[in-house]
Amino acid sequence: GAVVSQHPSRVICKSGTSVKIECRSLDFQATTMFWYRQFPKQSLMLMATSNEGSKATYEQGVEKDKFLINHASLTLSTLTVTSAHPEDSSFYICSARDVTGGSHEQYFGPGTRLTVT
Amino acid sequence: AQSVTQLGSHVSVSEGALVLLRCNYSSSVPPYLFWYVQYPNQGLQLLLKYTSAATLVKGINGFEAEFKKSETSFHLTKPSAHMSDAAEYFCAVTASGYSTLTFGKGTMLLVSP
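Top line first, the protein sequences correspond to chains S and F. Under my numbering, the letters of the first sequence match residues 92 to 208, in that order. Under my numbering, the letters of the second sequence match residues 5 to 117, in that order.
So here's chain S without its partners, still in its complex pose (with noise of 0.2 Å):
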């Protein structure tokens, strides 16, 4: 099946820096990813979806410069977090979706466990 690679799996960084998390679908062409957050012991939070070439969609309360999206090619989507704080210290989960088939099934990466200092 499809793979999606995150990198990295883990970082660790202190307060006021910037992190950059890497989605890559490694098989296939994803024109759409997504961006999920998760809490422990909690479900995933849709934070933006990227779309290959235009601007991400942002959900909700999901600040947009903070969160900087950028999909500039058809395998690779980047997360990153700016000025990051303690609270921003969570489990983040990419997904792409593979539209090739008409199956339009999303397929998840490994996640990144980001934990600011």
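I should point out that these hints are in silico values taken from the structure, not numbers from a laboratory. Don't take each hint at face value.
[Stated by the list, open to error] Looking from chain F toward chain S, a few residues come up when the C-beta cut is under 7 Å (computed):
no., residue
1, Gly47
2, Leu48
3, Phe107
[Unchecked claim] Dumping the calculated DSSO-like pairs for lysine-lysine here, alpha-carbon to alpha-carbon at most 30 Å:
no., chain 1, residue 1, chain 2, residue 2
4, S, Lys132, F, Lys72
5, S, Lys146, F, Lys109
6, S, Lys157, F, Lys73
From a predicted model like this one, the values you see are computed outputs, not experimental measurements. No residue lacks a Cβ here, since even glycine has one placed at the ideal position from N, Cα and C.
Given the structure of chain S, go ahead and fit chain F onto it with the hints provided.
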């Protein structure tokens, strides 16, 4: 708009026992329904999906789910639990292949020897 309710944040079963994880949905249009499994510190893996074809859907690892429109349910079952089934399970709904997924709060499945 769509929503998903998963009854029971934790379900405990013995190895070899029947697994039943409950999911009820709300959707203003015919839904697409999914079950995902998440192991600790990992992403989500698709177990099975319903996309308006057969109402009984078979997935990986021996899991299956039945879409019941009259009950707005999509419960996940497995006849015999394995220790390796212990994980978090999420039910999700979407209105179409182009829509975003809405997840339930998840059910942690605990399997005891």
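Cross-check of the supplied hints:
1. Gly47: holds (4 Å)
2. Leu48: This interface hint holds because 4 Å falls under the 7 Å limit.
3. Phe107: holds (5 Å)
4. Lys132(S) <-> Lys72(F): holds (28 Å)
5. Lys146(S) <-> Lys109(F): The hint holds at about 29 Å.
6. Lys157(S) <-> Lys73(F): Violated, because 41 Å separates the two Cα atoms, which is more than 30 Å.
Checked against the numbered hints given earlier, this structure breaks only hint 6.
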